[in-house]
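S.K.: Residue-level listing of the chains:
2 protein chains.
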Amino acid sequence: MFELLKTDPSSNARLGRLTTAHGVVDTPVFMSVGTQGSVKAIDPRELRELGTQIILGNTYHLNIRPGLEIIRAAGGLHRFINWPLPILTDSGGFQVFSLATIRKIQPHGVQFRSHLDGSLLFLGPKEAMEIQRILGSDIAMVFDDCPPHTSTPREFRAAVDRTMRWAAECREQPRAEGQMVFGIVQGGVNKELREECAKALIALKFDGYAIGGVSVGEPEPEMMRAVELTEPFLPADRPRYAMGLGTPAQMVELVARGVDMFDCVLPTRVARNGTAFTRKGSISIKAGAWKSDFGPIDTTCDCFACKNFTRAYLRHLLNVGEILGLRMLSVHNTRMFVKVMEEIRAAIANGTFAEFRKEFVANYVPTQKVLLARAAAAER
Amino acid sequence: MFELLKTDPSSNARLGRLTTAHGVVDTPVFMSVGTQGSVKAIDPRELRELGTQIILGNTYHLNIRPGLEIIRAAGGLHRFINWPLPILTDSGGFQVFSLATIRKIQPHGVQFRSHLDGSLLFLGPKEAMEIQRILGSDIAMVFDDCPPHTSTPREFRAAVDRTMRWAAECREQPRAEGQMVFGIVQGGVNKELREECAKALIALKFDGYAIGGVSVGEPEPEMMRAVELTEPFLPADRPRYAMGLGTPAQMVELVARGVDMFDCVLPTRVARNGTAFTRKGSISIKAGAWKSDFGPIDTTCDCFACKNFTRAYLRHLLNVGEILGLRMLSVHNTRMFVKVMEEIRAAIANGTFAEFRKEFVANYVPTQKVLLARAAAAER
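Chains as they are written, first to last, in this note's numbering: chain D, 1 to 380; chain Z, 1 to 380.
Quick caveat, the hints were computed from the structure, so don't treat them as lab data. None of these values were measured; they are calculated from a predicted model. Among the hints, a few may not be true.
Treat identical chains as interchangeable: a pair holds within one or across any two.
SDA-like mimics (lysine to any residue), calculated; alpha carbons at most 25 angstroms apart, straight line [stated by the list, open to error]: (1) K291 <-> L121; (2) K358 <-> V370; (3) K369 <-> T101; (4) K291 <-> S114; (5) K291 <-> D117; (6) K205 <-> A354; (7) K291 <-> E127; (8) K291 <-> P44; (9) K126 <-> A287; (10) K286 <-> D117; (11) K286 <-> R79; (12) K104 <-> A168; (13) K126 <-> D207; (14) K280 <-> L204; (15) K291 <-> E130; (16) K6 <-> P44; (17) K286 <-> S119; (18) K6 <-> V370; (19) K307 <-> L68; (20) K286 <-> E169; (21) K307 <-> E49; (22) K307 <-> R45; (23) K286 <-> R272; (24) K104 <-> L116; (25) K205 <-> D117; (26) K6 <-> E69; (27) K286 <-> A158; (28) K291 <-> A74.
Produce the complete structure using the sequences and hints provided.
M.R.: What follows is the structure, encoded as C-alpha cells:
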C-alpha cells in the first residue's frame with residue numbers, strides 16, 4: 001500500500017505514494033484537521049481546489065457529537081461529511097489524556113467524563129477501533145497513552161507499557177474494508193523507551209507508524225529529538241507520521257528527518273486570529289501596515305484568497321469581524337502548508353531537496369505568536 | 001435606464017430591466033446586504049453562483065471602517081471588495097437615526113457620535129452623496145430622515161420636510177460616472193404625507209424611488225399600508241425599491257403591490273442562528289428532528305448547500321459551532337430569496353403570477369422566530 005519512490009541523498013527525506021481505499025496520497029503530505037467533521041471554515045470544494053489529498057477526523061469528538069449512530073446511518077464519515085478522498089482518524093487517545101476530565105486508567109482503556117457534559121464514557125483499544133471501523137476511515141490510529149512532556153521517567157515508562165499493550169489489542173480488532181491501521185510510538189525523549197516502543201510496534205506489523213508524544217507543549221529541540229530517536233527504527237517500506245506538527249519550517253526539517261505525513265491545526269487556528277503564513281514567516285493581517293496594501297497576502301501564492309483579495313480588504317474584514325476574513329485566511333494558510341509539501345515532493349524528485357531546505361528555512365522566520373499557537377495546539 | 005417589460009393583469013406586479021454601469025439587473029430583484037463590504041459569510045464566487053445580480057453596501061459603516069481614503073485608494077468599492085456586478089449604496093441616513101448615539105439634527109444633516117468609538121461625525125446630503133460618489137456605487141440613495149414607526153404625527157411631518165429638503169440637496173451633488181440616484185419616500189402610514197413626499201421627490205426626477213420608513217419594527221399591515229399609500233404616485237417608468245424587506249411571502253405580496261427591488265439581512269442573519277428558509281416557511285436546522293435526516297434542507301433547492309450536504313450534517317455543524325454550518329445556511333437562504341425572485345419574474349413573463357402568488361403565500365408559514373428577526377433587522 002506504500003511505495004517508496006525515492007530517497008534524498010542529502011538527508012532522510014523520502015518521496016512516496018500511499019494507496020488507500022479512497023485514493024492515492026503523495027507523500028510527504030500535509031493533512032488538514034477536520035476534528036468534528038469539518039476543516040474549520042473551509043468547505044470540501046475549497047479543500048480540493050487547494051490540493052488537499054487527505055483530511056483528519058477525530059474519534060473522541062465525533063463519538064460525542066454527532067454520535068456514532070448518526071454517522072453509521074449516514075453510511076460512514078466520508079458520506080456524512082461529503083468528503084470522497086482519504087480520511088485518517090485519530091483514536092481519541094490524545095483527547096482522553098488532554099481534554100477529558102476525571103480520568104481513571106484501567107487495563108483495557110480509560111474511563112473518563114466528557115469535556116462537554118460530564119457524562120461517563122469509556123474508551124480503550126477495542127472501543128477506539130470499533131468507532132473507527134464504523135467511521136470507515138482509510139487510516140485508523142491505535143489507541144495510545146500520550147503523557148505530557150513534563151511527565152516523570154516512571155510515567156513515561158508506564159505510558160509506553162500501556163501503549164505497547166493497547167497497540168497489540170488494537171491489532172486484533174476488526175477493521176473496515178480496506179482500512180489501514182497505524183501504530184503510535186511513545187517514549188518522550190528517552191532513547192531506550194522510544195526504541196523499545198518502536199520495536200514492539202514493528203513486531204505487530206502495522207501499515208504505518210506515527211511518532212506520538214510530540215506537539216504536547218515541548219520545546220522545538222525536544223520535538224526534533226523525539227523524532228530523531230524514533231525514526232531509525234521505523235521500516236523504510238511503511239509511512240511515518242509525526243502527529244500534530246508543525247510550522248512550515250519545522251515540517252521541512254521533519255521531512256529531512258524521514259517523516260512522510262503531518263497534521264496540524266495551525267493553519268486554520270491562527271487564521272481565526274488574523275495570522276497568515278507567507279514564505280518569509282507569518283504576519284498579522286490585522287496590522288495597520290496593510291491598511292492600504294492592495295497586493296495579495298503572498299505574491300507567490302495561487303490560492304483563492306490570493307487570487308481574489310488584497311491584504312487591505314482582508315484586514316478590513318478581520319477588523320470588523322466579517323467571517324469572510326477568517327475564511328480566506330484559513331484557505332490561504334492551508335494552501336501554504338499543502339504547497340510547501342508539493343514543493344518538497346518536487347525537490348526530492350528533482351534531487352534539489354538540500355537547496356530547497358536550506359533556502360526555505362533561512363527565509364522563514366516564525367513569529368513568537370505562531371510558536372505559542374503551536375504550543376496551544378496541544379489542546380487540540 | 002429602466003425598461004418596463006411587462007405588467008401583471010391580476011396585480012401591480014411588474015417585470016423590468018435596470019441597466020447600470022456594472023451590468024443589467026432583472027427585476028423584481030432581491031439584493032443581498034453587504035453592509036461592511038461583505039455579504040456575511042458568503043464569498044463573491046458563491047454569490048454569483050447563487051444568482052445574485054446586485055448587492056448593497058452601506059455609507060455609514062464603510063465611512064467609519066475601513067474609511068473612505070482606503071476605498072478611494074483601492075479604486076472604489078467594486079474593486080476593494082472584488083465584486084464586478086452592480087452595487088447599491090444606502091446613504092447612511094437609516095444608521096444615523098437607528099445606530100448612532102447623541103444625534104443633533106441640523107439644517108444640512110446630522111451631527112452624531114459613532115456607535116463604534118464615540119467619535120464626532122457629521123453626515124448630511126452633501127457628505128452622503130460625496131461618500132457614495134467615491135464608493136462608486138451604481139445606485140446611490142438620498143440622505144433621508146427615517147423616524148421610528150412609533151413617532152408622533154408632528155415628528156413624521158418634520159421627517160418628511162427634512163427628507164424632501166435633503167433630497168433636493170442630494171439631487172444637486174456631483175455623482176460618480178454612470179451613477180443613478182434614488183429618492184426615498186417617507187411619511188409613515190399617513191396618506192397625505194406619503195403623497196406629498198412622493199410628489200416632491202418625483203418633481204426632482206430621480207432615477208428610481210424607494211419606499212422608506214418600513215422595516216423599522218412596524219407590524220406587517222402597517223408595512224403593507226405604507227407601500228400601498230406610496231406606490232400609486234410613483235412613475236411607472238422608474239424602479240421602486242422597498243427598503244429592508246422582507247420575508248419570502250412578504251416579498252411576493254409586495255411585488256403584487258408594484259415593488260421591483262428588495263434588500264434584507266434576514267437570509268444571512270437567521271442563518272447564523274441555524275434557521276433555514278424553505279418553500280413552506282422557515283425551520284430550525286438545529287432541531288433534533290433532523291438528526292438522522294439525510295435529505296437536503298429543501299428538496300426543490302439547487303444551491304451548493306442542498307447539492308452537497310444533508311440536514312443531519314448541517315445540524316451537527318451548527319450544534320458544534322462549526323463555521324461551515326452557518327456558511328451553508330447563509331448560501332441556502334440567500335439562494336432561496338434569489339430563486340423566489342426568479343420564479344416571480346418567470347410567472348409575470350408567463351402570465352401566471354396570480355396562481356404563483358396564491359400558491360406561494362398559501363404554502364408559506366412564517367415562524368414567529370423569523371418575524372422577530374425581521375423586527376430586529378430594523379437595527380441593521
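S.K.: Against each hint, give a clear statement of whether it holds in the structure.
M.R.: Hints and how they fare:
no.	hint	verdict
1	K291 <-> L121	between (50 angstroms within a copy, 21 angstroms between copies)
2	K358 <-> V370	within (21 angstroms within a copy, 58 angstroms between copies)
3	K369 <-> T101	neither (28 angstroms within a copy, 37 angstroms between copies)
4	K291 <-> S114	between (44 angstroms within a copy, 20 angstroms between copies)
5	K291 <-> D117	between (43 angstroms within a copy, 19 angstroms between copies)
6	K205 <-> A354	neither (32 angstroms within a copy, 72 angstroms between copies)
7	K291 <-> E127	between (52 angstroms within a copy, 23 angstroms between copies)
8	K291 <-> P44	between (31 angstroms within a copy, 21 angstroms between copies)
9	K126 <-> A287	neither (49 angstroms within a copy, 32 angstroms between copies)
10	K286 <-> D117	between (36 angstroms within a copy, 18 angstroms between copies)
11	K286 <-> R79	between (37 angstroms within a copy, 20 angstroms between copies)
12	K104 <-> A168	within (21 angstroms within a copy, 77 angstroms between copies)
13	K126 <-> D207	within (18 angstroms within a copy, 72 angstroms between copies)
14	K280 <-> L204	neither (42 angstroms within a copy, 57 angstroms between copies)
15	K291 <-> E130	between (52 angstroms within a copy, 22 angstroms between copies)
16	K6 <-> P44	neither (31 angstroms within a copy, 42 angstroms between copies)
17	K286 <-> S119	between (40 angstroms within a copy, 21 angstroms between copies)
18	K6 <-> V370	neither (32 angstroms within a copy, 60 angstroms between copies)
19	K307 <-> L68	between (39 angstroms within a copy, 24 angstroms between copies)
20	K286 <-> E169	neither (49 angstroms within a copy, 38 angstroms between copies)
21	K307 <-> E49	both (13 angstroms within a copy, 18 angstroms between copies)
22	K307 <-> R45	both (16 angstroms within a copy, 12 angstroms between copies)
23	K286 <-> R272	both (11 angstroms within a copy, 24 angstroms between copies)
24	K104 <-> L116	within (17 angstroms within a copy, 50 angstroms between copies)
25	K205 <-> D117	neither (38 angstroms within a copy, 63 angstroms between copies)
26	K6 <-> E69	neither (43 angstroms within a copy, 54 angstroms between copies)
27	K286 <-> A158	neither (46 angstroms within a copy, 43 angstroms between copies)
28	K291 <-> A74	between (46 angstroms within a copy, 10 angstroms between copies)
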